[in-house]
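Line order of the protein sequences matches chains A and B.
Residues 0 to 77 (numbering that gives the first Met the number 0) make up the first sequence, in order.
Residues 0 to 242 (numbering that gives the first Met the number 0) make up the second sequence, in order.
If you are wondering where the hints come from, they were derived from the structure by calculation, not from laboratory data.
Predicted, not measured: the structure shown is a model, and the values here were computed from it.
There may be inaccurate statements among the hints.
As the list claims (entries may be wrong) - Result set (EDC-like, lysine to aspartate or glutamate): computed pairs, CA atoms no more than 20 Å apart in a straight line:
#1 Lys13/A with Glu13/B
#2 Lys59/A with Asp39/A
#3 Lys13/A with Glu32/B
#4 Lys13/A with Asp199/B
#5 Lys52/A with Asp199/B
For reference, the chains in residue letters:
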Amino acid sequence: MDGNGGELSSFLTKLGEDRQLQDAYAQDPEGTMREAGLSDDSIETLLSRDLGKIKAALEKELPGRDFMMFMIIFHSET
Amino acid sequence: MREQVTPESASAIERADEVLYLVTQPLTAQWIERANPRSRSLHGLYESGKPRRETYAEMVDELLAPVRAGLDICAAFYGHPGVFVNPGHEAIRRARAEGYPARMLPAVSALDCLVADLGIDPAATGLHSYEATDFVVYRRRPDPTALLVLWQIGVVGELGYATSPRRENVALVVDRLLRAYPRGHEVIVYEASPYPLVADPFVLRVALEQLPDAQLPLLATLVVPPARRPRRDRALMARLGLN
Chain A
0 MDGNGGELSS
10 FLTKLGEDRQ
20 LQDAYAQDPE
30 GTMREAGLSD
40 DSIETLLSRD
50 LGKIKAALEK
60 ELPGRDFMMF
70 MIIFHSET
Chain B
0 MREQVTPESA
10 SAIERADEVL
20 YLVTQPLTAQ
30 WIERANPRSR
40 SLHGLYESGK
50 PRRETYAEMV
60 DELLAPVRAG
70 LDICAAFYGH
80 PGVFVNPGHE
90 AIRRARAEGY
100 PARMLPAVSA
110 LDCLVADLGI
120 DPAATGLHSY
130 EATDFVVYRR
140 RPDPTALLVL
150 WQIGVVGELG
160 YATSPRRENV
170 ALVVDRLLRA
180 YPRGHEVIVY
190 EASPYPLVAD
200 PFVLRVALEQ
210 LPDAQLPLLA
220 TLVVPPARRP
230 RRDRALMARL
240 GLN
């Protein structure tokens with residue numbers, strides 16, 4: 000896979016940009032991921048469709064990236 | 000990820016002389032930097048203990064400096080750039096006041112996602128929403144006949160970074176809600192998926208009184224469906240010819 004980071008982030012980046020890959024993934028997620036060479040762990044993570052698990056796996060793959068949780072809290076003036 | 004970035008916004012990111020961004024997901028940051036190599040994050044302006052208003056002011060300055068230098072700038076924020084993004088509005092206001100053209104492009108907010116994911120039509124019952132800390136601090140009075148959305152339920156009372164929700168603060172929100180809703184009223188903890196092609200949104204239905212003990216993602220929004228139907232004003236309906 001091309002792209003920076005690990006196999007999961009590379010796969011998701013390509014998936015977001017490649018309509019044919021999106022169609023293939025919608026038809027056969029596991030087969031498409033095996034074709035792309037993803038590991039069993041990554042395949043299991045994505046097949047779960049669990050947002051928490053997928054976010055955690057991505058954050059583990061891209062530990063050096065410049066991102067942090069941020070919150071914009073609204074403060075009224077009165 | 001670009002699935003929910005409008006073509007108009009994607010084009011603005013790609014064509015800008017410089018992109019300054021603030022996002023929560025590493026893959027989103029990666030996509031922005033790939034779309035425009037002249038991109039940089041604003042996250043470095045956050046510091047533990049720094050007053051939030053100071054951070055906002057610095058973000059606005061950071062956005063305006065290249066504008067004053069004659070560059071075409073695109074500021075990209077997570078979600079909708081005008082929803083819970085103080086610097087987004089302020090930067091546009093200041094730019095215009097200084098004579099520079101500036102505009103905000105609409106985008107997909109958590110509210111748009113929950114309407115789609117939960118199958119809720121705000122027109123059916125009416126809709127009111129508050130930031131969760133605002134809701135308790137200002138003693139807001141919920142209308143139990145209309146849909147209520149409380150933003151940022153995972154960070155009630157937090158003025159800075161948080162790593163996990165403070166359940167005692169969530170309990171204060173529940174106390175306030177219990178004045179208008181029954182203890183067993185079903186509420187929905189919701190987090191939109193930033194990766195809709197592969198990940199489902201987080202959706203947890205729980206009784207109101209159990210909310211403080213429920214799984215609560217930091218980015219969660221609380222959805223409180225109506226507890227009862229509103230009463231009709233039959234006299235007014237007659238005047239409107241709606242009988």
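Do the hints match the structure? See the list:
Note on Lys13/A and Glu13/B: the hinted pairing holds, with a Cα-Cα distance of about 17 Å set against a maximum of 20 Å. With a CA separation close to 16 Å, the supplied pair Lys59/A and Asp39/A stays within the 20 Å bound. At roughly 15 Å between alpha-carbon atoms, Lys13/A and Glu32/B fall within 20 Å of each other, so this suggested pair holds. At most 20 Å may separate the alpha-carbon atoms for a hinted pair to count; Lys13/A and Asp199/B meet this at roughly 19 Å.
Restraint check: the Cα-Cα separation between Lys52/A and Asp199/B comes to about 11 Å, which is no more than 20 Å; the hinted pair holds.
Hint check: no violations occur; every hint is consistent with the structure.
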